[in-house]
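Protein chains in written order, with the working numbering: chain A, 1 to 579; chain B, 1 to 138.
Just so you know, these hints were derived from the structure itself, not from any lab. Idealized CB from N, CA, C, for every residue including glycine. Treat each hint with caution, since some may be false.
[Claimed, not checked] To give an idea of the interface, some chain A residues facing chain B are shown, with a C-beta separation under 10 Å as derived from the structure:
id	residue
1	15
2	19
3	26
4	30
5	109
6	112
7	116
8	187
9	363
10	364
11	391
12	394
13	418
14	463
15	508
16	541
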Amino acid sequence: MTAGSLLATDLVIAVLAAAGWLGGGAASAARRRPLALGLAAFALLATLARAITITALARAGWWFAGEKVLIAAPLSLAAVVVAGPRLLRAPGDIRSVAVPLLFAGYAESGALLVTVLHGYPASAGAGLLAVAGVVAATAVSWRFLGARPPRTVSRAALVVAVAALLGGTGLAVAPDATPGVPHDHGYRDARTADEPTRRFTLTAGTATVSVSGRDVPAWAFNAQVPGPELTATVGDVLEVTLRNRDIARGVTLHWHGYDVPNSQDGVPGVTQAAVLPGQEFVYRFRADQAGTYWYHTHAVSDVGVRMGLYGVLVVRPAPVTGVDVTVPVHTLAGLPLPAPRAEPVEAGMPVRLRLINTDSTTHRYALAGTPFRVAAIDGSDLQGPTSLVDTAVLIPAGGRYDLVFTAPATPVALFVDGRAVYSTKPVSATTGAWPVLDPLTYGVNSPVPWSRFDREFTLVLDRGLDLHGLLPRYAHTVNGAADPDIPPQVVRLGDIVKFTIVNRSQIVHPWHLHGHHVLVLSRNGKPATGSRLWLDSFDVRPGDVWEVAFRADNPGTWANHCHNLAHADAGMTLHLMYS
Amino acid sequence: MRKAFVIVSTLLLASFVLQFVFAAVGGFTKPAGDGAYALHNVNGMAVIPVLTLLTTLFAALAKAPGRLIGLAILPLGLVVVQALIAALANASTDAAGASTPLGLTIAGLHALNGIIAVHVVVSVHQAARKLAHPVEPA
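Please model the complete structure; the sequences and the hints are all you need to start from.
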């Protein structure tokens, strides 16, 4: 069983246990003896079963089990110790076990709420608040069920509840002394001084574009979605002038996957101010990495990219030979882009399909009708890619795969989530059952170039209640905190840095570090055995543990975030800084 | 207090009716964007829990029997379960994010749990009215 399904199973069992105890308590209060005993026995079994799932999760990694071992286990134990013996010698009047059963239910519910609302890391504050809630709810139930608790018991309960409430609240709201990311004071301008060889102008504005025969409102660069395809040859100096016509909330250009100097990275409030209507900003950088990339706004990025402020950036090592097609997949107003395209290709021609996922969720790409190789992922060439047939690839949000093949005389078609997007002639193929390529085992391995790491960081991805803002929100969190309260990761120039990224949530998080490509070391404890993978976008699935490393060779302050941009907006953004 | 209990339980019932309406709004919004279920989410995660707590509070203040107070707080637990079912159903997709039979089965429980919850609220509302008018006029 994977850690992801263990997490889901444990959650379901915890809900069943809590519901069983509470139901049993209610049934015994109503003097429904068989029902009360049945529900309580079921709850007891579920509570004991949690011991198994929690142990398995702890073996998969402490990150998955921390608060369950430290908070849920003691509360469950208290539930079993209080309710268990009373059930065994079930008294004549079943109503007398109502309070113990309800106590067990409150304890299980409290533990469940800690997992769902707080998560990792376990904190004394959350534990104390749970205890306060359980004691208070038990005391109230006791009073309502008529039988007044003995004086000493009710006094003790009051003291415990108040102390736990005060202690827990104090610990929960105490501000952490997190060194903030410097915002908005003077952006360092370090664009290259060389004379540009490729000049482009991108004007952002609201527009109406036609998708699948429908007019949809969009935000567009130069009134088209995607924006103009920017192409260059290695060695070019690109100069891109960004103008904002009428995007009220501002725009920037972020070169996704392109490791530009920090001042050209396009993160508003960190590397530059957002470009407001009527303003402009000039980006200039040297194209020294060949490969498939894309650009998009990083100001109000969730809405901005979704509405269409993105385009393709391709840097070729030499002028094009053969057929070179870019396929930037996007969903605009619920409609899929790009429009299907069919063009005959002469047999024997070399073809390169540059697949780009500009959405916030994973897409499945399947190339039918020809063997192919994956030549590059995220702009970096793979070593020794072998030929693949009837195999699908999953591209994470923001990721790129380059597929290459020699055109056969027979038709070839590319399907994205089952929809034909590019073909040489009509092809009917069902690709849904094809196996999926695992890039960690693809190509020829070469050893990791570093033997030690100067800095190691762990990022535990989860959801949790964030009370630090104006309004409380159910945020997407990193190590229990949400932007802007996540402490920045500080590195020195030249450090070899290792990230361990753990997903304990129920949803996939496509991770994206700006300004650097990370080398994949392992996933779920299994070392990568394929070609070296230098990625800038990779899917950390529920229960996954990824280890990646990079050399800190690009000074500045860099966003490090989930590229499901709604998650990034909801707190899952932090920063990498150089000291 | 008994009158207030009737009023908040009526409001709670109305918010449950709206919740079904908002589910239909989400289901029929074209194209189905992330925002399609915004009304359903806000009503379910904020309005219904607050009205449930108020109903329970007024049930206690109106000196309703313990069984009725227990019944009044029950929708709160069912709402938490509703949110967890939705989260699990959304999480049970294949690697490319498409629904799976397991995920859709879990999603079906969301509807069943909703039906149970609305029955509980109807019972609470009827009991509240009975409490306010112990003797029906002939």
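Tested hints:
Proximity of residue 15/A to chain B holds as hinted, the smallest CB-CB distance being about 6 Å (cut-off 10 Å). Among the interface hints, the one on residue 19/A holds; its C-beta lies about 7 Å from the nearest C-beta in chain B, closer than the 10 Å criterion. Checking residue 26/A against chain B: minimum C-beta separation of about 5 Å stays under 10 Å; hint holds. Satisfaction of the interface hint for residue 30/A is found here, the shortest Cβ-Cβ separation to chain B being roughly 6 Å, below the 10 Å cut-off.
Because the smallest distance between the Cβ of residue 109/A and any Cβ of chain B comes to about 8 Å, under 10 Å, the interface hint for this residue holds. Given hint, residue 112/A at the interface with chain B, holds; its Cβ is 8 Å from that chain's nearest Cβ, closer than 10 Å. Of the supplied interface hints, the one on residue 116/A holds, with its beta-carbon coming within about 7 Å of a beta-carbon of chain B, less than 10 Å. At its closest, the beta carbon of residue 187/A sits 32 Å from a beta carbon of chain B; the interface hint therefore is violated under the 10 Å criterion.
For residue 363/A, the interface hint holds, the least distance from its beta-carbon to any beta-carbon of chain B being 6 Å, beneath 10 Å. The closest approach between the C-beta of residue 364/A and any C-beta of chain B is roughly 4 Å, which is under the 10 Å cut-off, so the hint is satisfied. Checking residue 391/A against chain B: minimum C-beta separation of about 14 Å lies over 10 Å; hint violated. Restraint check, residue 394/A versus chain B: the minimum CB separation of about 5 Å is within 10 Å; hint holds.
At about 9 Å, the closest approach between the beta carbon of residue 418/A and any beta carbon in chain B falls short of 10 Å, and the interface hint on this residue holds. Hint status for residue 463/A: holds, given a least beta-carbon distance of 9 Å to chain B, under 10 Å. Annotation: interface hint on residue 508/A holds; nearest CB of chain B at approximately 8 Å, less than 10 Å. The beta carbon of residue 541/A comes within 8 Å of a beta carbon in chain B, closer than 10 Å, and the hint placing it at the interface holds.
In summary, the structure is inconsistent with hints 8, 11 from the numbered list given earlier, while agreeing with the others.
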